[in-house]
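**Q** Listed below, chain by chain, are the residues.
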Amino acid sequence: MDLIWLIPLLPGLGALVNGLVGVRAFGKRTAGLVANAAMAAALALALYAFWQLLSLPADAREHTVRLAAWIPPIPLALGNGAIGGFTVPWGFRLDPLSGLMILVVTLVGFLIHVYSTGYMHGETRGAYARFFAYLNLFAFFMLVLVLGDNFLVMFVGWEGVGLCSYLLIGYYYEKQSASDAGKKAFIVNRIGDWGFIVGIFMVYGTFGTLDFRAVADAAGPMGVEAAGFGTLSIITLLLFIGATGKSAQIPLYVWLPDAMEGPTPVSALIHAATMVTAGVYMVGRNAVLFSHAPMTMEVVAVVGVATAFMAATIGLAQHDIKRVLAYSTVSQLGFMFIAMGVGAFAAGAFHLMTHAFFKALLFLCSGSVIHAMAGEQDMRRMGGLKPHLPITYATMLVGTLAIAGIPPLSGFFSKDEILYRAFLDHKVIWGVAVATALMTAFYMYRLMSLTFFGAYRGPAWEAHGGRADHGHAASGGGHGHGGGGWRGPHESPRSMTVPLQLLAVGAVLAGFVGVPAALGGGNAIEHFLEPSFVARTAAPPGATAPATHEARGLGEAAHAAESKGGEGTGHAAHLSRSAELGLMALSVLAGIVGIAAAYRIFVRAPEIAETLARRWSGAHRVLSNKYYVDELYGATVVAGTMGAARGLWAFDRSVVDGAVNGSGWLTVSSAWVSHALDKYIVDGLVNLVGAVLEAGSFVVRRVQTGLVQNYALVMLFGVFAFVSVYLFVR
Amino acid sequence: MSNAANFPILSTILFTPIAGAVLLLFVNKRQENLIRWIANLVALLGFLVSVPIWFWYDPAGPQYQFIERVPWIPSIGADYFLGVDGFSVLLVLLTTLMGAIAVLSSWTAITDRVKEYYVFLLLLQGGMIGAFVALDFLLFFLFWEVMLVPMYFLIGIWGSDRRLYSAIKFFLYTLVGSVVMLLGILALYFHLHDVTGAYSFDITKFQAMHAPFDLQWWVFLAFFLGFSIKVPMFPFHTWLPDAHTDAPTAGSVILAAVLLKMGTYGFIRFSLPILPEATKASIWWVAGLAIIGIIYGALVALAQKDWKRLVAYSSVSHMGMVMLGLIALNPVGITGSIIQQLNHGISTGALFLIVGIVYERRHTREIAEYGGLSKVMPVFAAIFMVMMLSSLGLPTLNGFIGEILILQGAYTANIWWAAVAASGLVLGAAYLLWLYQRTMFGRLENPKNEHLRDLSLREIVTFAPLVVLAVWIGIYPAPFINRTAPTVQAVMQRVNPEYARASAAAGARQAPKIADCDENEPLTPFTTAPCGDAAEGQAPPPPAAPEGGGAPQANPAGGRH
Amino acid sequence: MAEAAAFYILAALILGFGVLVVTAKSAVHSVLFLVADFLCVAALYVTLQAEFLAVIQVMVYAGGIVVLYLFVVMLVNLKRPPDAQRDPRRLGRLGAVLAVAVMVELAAILAVGWSRPEGEAGALGPSNVAQVGRALYTDYLIPFELASILLLVAMIGAILLARREM
Amino acid sequence: MITATHYLLLSVGLFSLGVIGVLTRRNIIIILMSIELMLNAVNINLVAFSHELQNVVGQAFAVFVIVIAAAEAAVGLGIILAFYRNKETVNIDEMNLLRW
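Protein chains in written order, with the working numbering: chain L, 8 to 737; chain H, 118 to 678; chain X, 1166 to 1331; chain A, 677 to 776.
Treat the hints with care, since some could be wrong.
[As the list claims (entries may be wrong)] Derived lysine to aspartate or glutamate pairs resembling EDC-like cross-links, with alpha carbons at most 16 Å apart:
id	chain 1	residue 1	chain 2	residue 2
1	H	Lys-492	L	Glu-181
2	H	Lys-492	H	Glu-567
3	H	Lys-422	H	Glu-486
4	H	Lys-565	H	Glu-477
5	H	Lys-422	H	Asp-331
6	L	Lys-182	H	Glu-562
[As the list claims (entries may be wrong)] Below, a sample of chain X positions facing chain L; criterion: calculated Cβ distance under 8 Å:
id	residue
7	Glu-1168
8	Ala-1171
9	Ile-1174
10	Leu-1175
11	Leu-1256
12	Arg-1258
13	Gly-1260
14	Ala-1264
15	Val-1265
16	Ala-1273
17	Leu-1275
18	Gly-1278
Hint data in this document are derived by calculation from the structure and do not stem from the laboratory. Just so it is clear, CB atoms sit at the ideal spot from N, CA and C, and this is done for glycine as well.
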């Protein structure tokens, strides 16, 4: 366990090798092998570390490794006037939450690496190595993010994954939309990071340390800021701004759908399974802070539910298969934030994990479909692919059912837990969330229907490869099939289907670690994660009242299992088991209704869809244009900034520089004025005198004949005079 | 590791480039390659002789080390007085390194009047080193002015388009500042005479002097003008884009990497410690100008169509950041400011080199002329990427360390400073990424770009040390930070004595030891204590934690405190 | 008496050649008369116990300077007579009159009588060269060296002036 | 008895001849030669006094005068040559550029 720092480092080394040497020297096999070996080693180490962690007693599952001082101590005053030392170590910490995360990241990451070796095989040699270098680099930063034991190391990973996301979205850099999307992702993330980093400053100013555990333990005894906005509320709100950027929540979600410009494995790994959940992870990591700030919690929950709902509605009307999944991701992230906002941190992390499996699965399946269609992403040009892609179809169906919350697949357990906790917190949030779940099931099944069922609507193909590169141009040519022509939809190679099957297994089984008590399970994952969400310091005596938000956030999860059946004295908001089962049934029902509706509309009677779209053409247009949010941002934020930029540039040239040039001009012109003065007035006087003298000397100057001898004559006159004086006067 | 033999290392560093310049005078100007070789070797030698001070400087020793002192003009009390502290050690090393890089980068870029060019470049280097090592005010001023002349000619002779305008603007602007600064120096000089009865330009004496507030105020204004023009701060910045745009590549590199540091060096070395009260009275507007500079520079950079001018405006933004950290007047801010000065030298210097590379090949700086260069110049694209990321403050690269320290310091001084200034990071990402996208990404549409050469070995060598430094500072900045500690503490003693007291109490002199703590903690559940806590002394208690209010089984925050 | 005779003859020759130098039409003639004049002056020096100076006079003046003049006269190959143009404003006659007047006045002063300046009465020994040499290399060393520099400068100047491609 | 006065009278006569030559002749070469005459007159004067006072200093000065004369002749003739090349004349009346 002392070697946990190797877990991120191994992919980092892989990235270094591939980036420095591989790009020039490695063949595709070597490059892929290096990257996959690095990830496999990281996975093995992570598994071993996790196993060691499990072998510890539950309250001692925390291990910190500090490599060196990153920033050595520098004295700095704190908010309360005392002088602390600002110092940041290169520290890594393994605890249940980060343990779960490294498992998810390395496992899903490894599978996606394997998948990529098949998916990317059409790239040129250098680009292939570059892709794996980026992918490994991403794994490095993501693992740093989750393992960091303090805010700043986490921030390293946080920014680093943003960078990798930028690089990978813009992987097809010759394509304008791809590089635009990459840039958009980075900048929007940076806007979020603004909040994160200011939050970090406040954390240091308040607590005098950036270590997560120390901060949590220091915050534990502080009072819950139920009354209004205190320091903790502001800190958490700022941190949450960071989370909205990274995890694509309102108002900063706009980058994620565009990020689908990247290769599909990237979308699966970064923009579905891991990176986008960093915000959720960060909120969970600071659960103690958040649970002390109920106002922020409410903001988090509201933003989460609003995002979930909005993204789901947009997902209803998209035609691009990856965009549907992207909005689905945004929506599911919204679910996770609902969990965080209602204090169900463990449930959120649980959903994070299950989502990582089924969403990665869905993306990889979509990648397989796109691969089969030679780059086509528009679902209107697909259909009827089921017989061509049996494995993809089966695994994707599993993913769809999981996300729709059909028991006993993984999505059911995690989503149901969130809905249940939301119900306890606020009925409206719950209601919207259930509606969102219904829509989720609907649009996911719509996706399935349009892709796999019905009649084939795609381009025709010739048996012997006539249509050489249809679709390649449209997709940026991610995966050309060598020189051969496209031979119609076909199942993907084994390197792609095996990861699909493995992920499908995960999507089915992952939920069983968190079977709720109501179904007779022990909700093992919540108990496991619990220590990561609480301060080790007990709450001060006055703050133990269980009705407070803190109690809900911290106490309840811990006591949830044994306090079933109304025995929990203060747990007014707790429900009976039957009510809990009822809610569960309701959420399952929502999923089934959604699927059924989609089946009815898109499989049985496709014309209904068109009728609906015509009847509600206004709404349809709004939805398919994503509520015009991009346009709105373009018109306000982007145009505003660029306008300000151009305005200031003009200002700089004309006013600031103008002042400088003006003073230069002033100097020159005043010199000119004084020159004129000099010339006509001062000089004029002089010239007047001169003119008088000139007139007077007109006669005299005739002496100046230019004849040397006449001048000598004058000398002689002088001699004559002197000699005469000597002769006569003496 | 110390300068046991009392070797006059500073004079050696100072006169190596000057001697090289004199040597070049005796070389026939037609032998251009010989001249290039000599200049490169001299510059490399100049860097090598400066390396020992990195190792010999002892952060635990007195503030100024390697002192050399010989009477110069005894009648007015001016001495040839050299000495460096950690801050100047870093800047001297930066100067010699960037000087060597600038000389190397000019190998093929300069084909006209080669001899004069290298003579000026080496003279300039000597002047800059002199300004950083002088501990005599008059000597400092001498070198400060000496720098102007070679730079003027570098821009004026080897520059592009509007070089004369830019050169004259640069010269006049900085000259105005330095004249006013000279008045300030003289005012202090006569005041020192009034107090001690002796005439002296000894900077250490000024730093120990307590001038009355009125005098401080006026001298601060005078110094402010001189230094802030050099930095440059917001309303005085317009010479910079012009000078940068029209200067030859090496000139831009030196200008950005070293010359701008003169201003901030002046603030930290003179304004803050000599005029503490006036500084404290001016915090608000100086910080205001710094923040305006950050945002303004970034926004204007966003609107640029000229590659080099964009980088120049990013300089304005970054130097605003440096000023903000400095005026926060706390150790973290000033440390960050110093580190960021190095960072700015490294990353912006590299960015100018990058522009120079393509300018040499295509003779245009219009961003619109480029696009898709990644395809033809992959190595170049990779280096540009690293340097761009370093400039926009990506963690694990150098820019981040400086910015985080500065902003943390600014936060401690005032929350809003940090909040507003941090938005500069967003804008920084915007203009740099957009620049990168417009030049490197996209389709290679301009046929003139189709056959651009990728970097030659010589060009890779010019970038290599910068990349290594960027990563080193990003990942392990402790050696740099430790070397700044004596300077920061000396400044704190004057402007914010509480910190000096606190760090004296906590034994901040032991800082290097803390930094080297790298053994892993034993496997216990409570290992949250930051490495080296014991030496740090009283780590801050959680502010709102009621003493003893917690449950007994709970270990207080920070484990072993 | 021989001394007096020598003086008068020499004086007459000196003045006579002087008149010829000034009045000769041709510059070449003028130069030749000048040589003769200088030789007479050298002879006069011998009578005045200044043998060294006499030698110098012959070598430098007659041998060096005048040859220089001769060269220049030859080099200046005139296509038209040098005196062809005459500026009416030149007051040549007035100059001649004035010169004669000055001469008369000076002669009058000499005739009226002049007081012999006080000076330590040394002795011009037989070894005139040694005496002059001692004076030049002891008391007048610095002027002597300066004179050498002057000659050097004049030489360089003359070369530079007379060089063809200016 | 030949006294110093005689020599001085000779000197005066020769000097005046030189002056007349300088003032009346137009050929600049002859003017220069007249100057040589004047210098010789001075030398006669110096040597006469040297003899009269039995002091060698006068002769030393005469040596210097000869030096000056040589220098003057060299530079003067150089100027004449240069001028001649430009204007093809040695007539002093045509050298009248130095006027109002």
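**Q** Next step is simple, just say for each hint if it's right about the structure.
**A** Now for the hints, and whether the structure bears them out:
no.	hint	in the structure
1	H:Lys-492 <-> L:Glu-181	holds, 9 Å
2	H:Lys-492 <-> H:Glu-567	holds, 9 Å
3	H:Lys-422 <-> H:Glu-486	holds, 10 Å
4	H:Lys-565 <-> H:Glu-477	holds, 13 Å
5	H:Lys-422 <-> H:Asp-331	violated, 46 Å
6	L:Lys-182 <-> H:Glu-562	holds, 12 Å
7	Glu-1168	violated, 30 Å
8	Ala-1171	violated, 30 Å
9	Ile-1174	violated, 29 Å
10	Leu-1175	violated, 26 Å
11	Leu-1256	holds, 6 Å
12	Arg-1258	violated, 10 Å
13	Gly-1260	holds, 5 Å
14	Ala-1264	holds, 7 Å
15	Val-1265	violated, 10 Å
16	Ala-1273	holds, 6 Å
17	Leu-1275	violated, 11 Å
18	Gly-1278	violated, 12 Å
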